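Visitor: If you want the building blocks of each chain, they are given just below.
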Amino acid sequence: MPDLLEIVVKLALVAAAFAVLPLLVGQAEHKVMAHMQGRLGPMYAGAFHGWAQLVADGVKFAQKESVVPRAADRTVFKLAPAVAIVPYLLVLVVVPVGPDGQVALDLGLGLFFALAVMGVGVIGAIMAGWASANKYSLLGGMRVAAQLMSYELPMVFAASSVAMAAGTLSLSGIVEEWRWWWLPWQAVGAVVFFVAGLAELRRPPFDMPVADSEIIFGPYTEYGGLRFALFLLAEYAGIVVLCALTTVLFLGGWKGPFLNAELGWLWTLLKVFVLAFVVIWLRVTYPRMREDQLQKLAWAYLVPLSLGQLALTGVLKVALA
Amino acid sequence: MRDYFDSYAVVAVLLLLGCGIVAGALAANRMLRPHRPTPEKLTTYECGVDPVGGDWAQSYVRYYVFAYLYVVFAVDAVFLFPWATVFSAPGYGLTTLGEMFVFLGFLAAGLAYAGKKGVLSWV
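Protein chains in written order, with UniProt numbering: chain A, 1 to 321; chain B, 1 to 123.
Simulated from the structure, these hints should not be mistaken for laboratory data. Treat the hints with care, as some may be off.
[Stated by the list, open to error] Below, computed lysine to aspartate or glutamate pairings styled on EDC-like, alpha-carbon distance capped at 20 angstroms:
#1 A:LYS10 / A:ASP106
#2 A:LYS64 / B:ASP6
#3 B:LYS117 / A:GLU65
#4 A:LYS10 / B:ASP3
#5 A:LYS10 / A:GLU262
#6 B:LYS116 / A:ASP106
#7 B:LYS41 / A:GLU65
#8 A:LYS317 / A:ASP100
#9 A:LYS60 / A:ASP73
#10 A:LYS255 / A:GLU177
#11 B:LYS41 / A:ASP292
#12 A:LYS255 / A:GLU65
#13 A:LYS317 / B:GLU99
#14 A:LYS10 / B:GLU40
[Stated by the list, open to error] One-sided excerpt, in silico: chain B residues whose CB lies under 10 angstroms from chain A:
#15 PRO37
#16 PHE66
#17 LEU111
Small disclaimer: the values here were computed from a predicted structure and weren't measured. Just so you know, even glycine gets a beta-carbon here, dropped at the ideal spot from N, CA and C.
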């Protein structure tokens, strides 16, 4: 059964990527943020520039008491971190890293699947906000829901613009169709997709749902120990997934200046990490947006821009055909 | 058809794997962690003072109009995906492009109407 073996190896690789890449992004965030702010960041754990800081954090989290508030809805409260993190693992299965089947599962509906499953992760945060029975958590949960509803739409439009350009929904198929001149052609869509994705992940400057100065830590206020760590991990897994999807849809995935077939996976990884750097950079650079500014950005700018991108894609595609 | 279900079987296996990873981590946590609940520890956190009023507070859902708009637009957007894969196939071309502009026109008109009504601003 060579097929079965291949699937098992691929799933193991997906699980390994899911375990390692978010930690690399997290460690990069520690160090990049620190240097941008004129600090050193973690220097002690692991002796060399604090490389083992997140391992140490993990060991600490694993030993912490799990406190469920008396008033909380216990089942939902305990289930929420799993709902937040597992969808990002599922999305990774359809992300191609190289040509000729270097993808765990080349789903014909890959793009649709990725968008649908990515949206499920947000429900974990809403569940956490509701089940905590805490006013601040509830407000945070409501803000998460509002943010999802405003930003999902431009994200879907930007993604379908790429599907129109490529004429397929398979993520491998999209990268195969990709040409360098798609960069200017789909530039608006790329920016809209990336910004909307950041908002869906509630990354700064879109972190109003966890605004510490007004609602403590939003939906995660009552969480501690390993469940809190799972929420944090979900955020970094989300960054990896968003950067991978942006890479595959808009930046040509495994296609680089040379050696696409041999070094394809390296190009993919490189692009993902450059985008992850941009995510961290944006966090350090911009102040948090107010709730009304957040909604205005989505409805007054991103949705019209993505509709414009759809029109541009359609006209150029038909003109070229 | 068989291949179709086979590929989703892989997704199901990965879903189980993901649930297994989370459950395993929490099981390890259960064996390693202390368990010493006190009444104070189990109180709802409100910046250190005793909680005031009920736990599920009433609040005004300001964005319910966004929610309606989102549902309307998202249902439209789902139909974009099957259409996107065939719209430039031989024999379609200009007709489907015209249809696309009708579709975009509807969405833009709806958005402009909502904007004019003032429901897009968070008050």
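Visitor: Next, verify each hint and record whether it holds.
Guide: Evaluated hints:
no. : hint                : in the structure
1   : A:LYS10 / A:ASP106  : 12 angstroms, holds
2   : A:LYS64 / B:ASP6    : 41 angstroms, violated
3   : B:LYS117 / A:GLU65  : 51 angstroms, violated
4   : A:LYS10 / B:ASP3    : 17 angstroms, holds
5   : A:LYS10 / A:GLU262  : 18 angstroms, holds
6   : B:LYS116 / A:ASP106 : 44 angstroms, violated
7   : B:LYS41 / A:GLU65   : 11 angstroms, holds
8   : A:LYS317 / A:ASP100 : 26 angstroms, violated
9   : A:LYS60 / A:ASP73   : 26 angstroms, violated
10  : A:LYS255 / A:GLU177 : 11 angstroms, holds
11  : B:LYS41 / A:ASP292  : 35 angstroms, violated
12  : A:LYS255 / A:GLU65  : 47 angstroms, violated
13  : A:LYS317 / B:GLU99  : 14 angstroms, holds
14  : A:LYS10 / B:GLU40   : 48 angstroms, violated
15  : PRO37               : 7 angstroms, holds
16  : PHE66               : 5 angstroms, holds
17  : LEU111              : 6 angstroms, holds
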